[in-house]
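Residue numbers (the working numbering), protein chains in the order written: chain A, 1 to 163; chain B, 1001 to 1156; chain C, 2001 to 2147.
Keep in mind the hints are simulated off the structure, nothing from the lab.
Given the structure is predicted, the values throughout are model-derived calculations rather than measurements.
For glycine and all other residues, C-beta sits at the position ideal for the given N, C-alpha and C.
A couple of the hints might just be wrong.
Stated by the list, open to error - Cβ-to-Cβ under 8 angstroms is the rule here; a few derived chain A residues that face chain C:
(1) 21
(2) 22
(3) 23
(4) 24
(5) 163
Okay, here's what each chain looks like letter by letter:
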Amino acid sequence: MPTLQHVCQVIYDSHIGTAIRESDYAFSIIESVHVLAITLLVGTIAVLDLRMLGLILRGISVTRISKTVFPFTWTGFAIMFVSGCLLFWAEAAKNYSNPAFRVKLVLLALVGLNPLIFHTTIYRRVHEWEVLQYSPWRARAAALASLLLWSGVIVAGRAIAYF
Amino acid sequence: MLRVWFVSLAHSHLGQYMQTSKWGFAIVETVHLLALAILGGAVLIVDLRLMGVILKKESMRQINRDLSRLLLGSLIVMIASGVAMVSEEALKCYYSPAFRWKMALLATAVLFYFTFHRRAVLRQSEDRRFTDGIVATISISLWLGVGIAGRAIGLL
Amino acid sequence: MKLRSFAAFAGALAITSAAYAHHSFSAEFDGTKPVRLVGKITQVQWTNPHSYFYVDVVDAKGAVTNWGCEGAGPGALSRRGWKKGDLKIGDTIVVDGYRAKDGSHLVDARRVTLPDGRSVYGGTPGDGGPGDDGTIQGAPQNSGPKK
């Protein structure tokens, strides 16, 4: 068995992983939190993305909106990460061979890379364009990528159950 | 809720399609989930502003003008996709306590949105009132309740 | 005692309503392909989001096929009085269900017939699967596979 698969199997067979997987309520609650926290993570970052695309809140500067939503976006991310890890703990061996899960991980990596590139390039000069109704094309590209990638993550996450 | 409505929905063209389609339910449910993300974001930003927690320097009316469109647009998508999903398992929903709770909370949330919430948001003066915080809290709680009840549909 | 726990299991197994949270009966199972399984339990997976039970079915020629039966999650099963460990490897059970659309040896059990001839309807009212007419008892006998 490949090393990674073996690691997943060990995680899956662990006491905690098994307890979550066979639980009467824990799994359902963790999964519900994971789904509902999508609103906190994706819902708030979507507001920023839509602003940069010039679709909403054009009268408010980009930096003002980003400073406003970031605490909520990061809180949402923390909740998603913890709940996601717990779900993985319970399902690791099954997730390993699940194509939807693999796609979701790739998309998550990309959706993390996107703001990294964004913040180290065009966002450095945000004070030049923060009040513009439509942000520069690089910012709009990042915003569109963000919306598409997050949608992909959600779709892939839902698809896990079908494989 | 009349049982006969649900039976009619199940027998409708939509219902027949959803019941026989292999991917129909999955696609519709995913759309429901994507719209949920947008609806949640809009509700959160508007109500946090109403509470006076964020964007305090910006006009409530201005924020609401754009975000209310986002909220209602995503709500319409959720209702349409919701009807499609119900048509696939109409009687199960009819008998499900979680579904009934969800519909009750949804009706309350929408009603509240167009009455007390609207009044608070559109008030001309910019002074923050104690009641605004209460209205915002009720709003968030109702929408959160809809989400939780929706999740419970498959579990109870 | 064994009969009672077996009946509880069989009924609980057939309650796959929890499955419909994320997929419809018709997306995964074929209502026109009923099947009856009689076999010894070889494996029990008491897991979320669904439980799975595997039985060895011996056909007329003596060949053994292993079938999977999809059931509700532990929460739903425990609310119906069924606990992990109530079902033991080697127990013989009868499962009436509908085959998976992809042709694999997987069923969604809906009606269980006990060895003494009594049948237990396990579906949830209105869940959309065959045998359902919205009532607790389900439609009369023609909802299960013909004997």
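Hint by hint, here is what the structure shows:
no., hint, result
1, 21, "5 angstroms, holds"
2, 22, "5 angstroms, holds"
3, 23, "7 angstroms, holds"
4, 24, "4 angstroms, holds"
5, 163, "12 angstroms, violated"
The structure fails to meet hint 5 from the earlier list, while all remaining hints are met.
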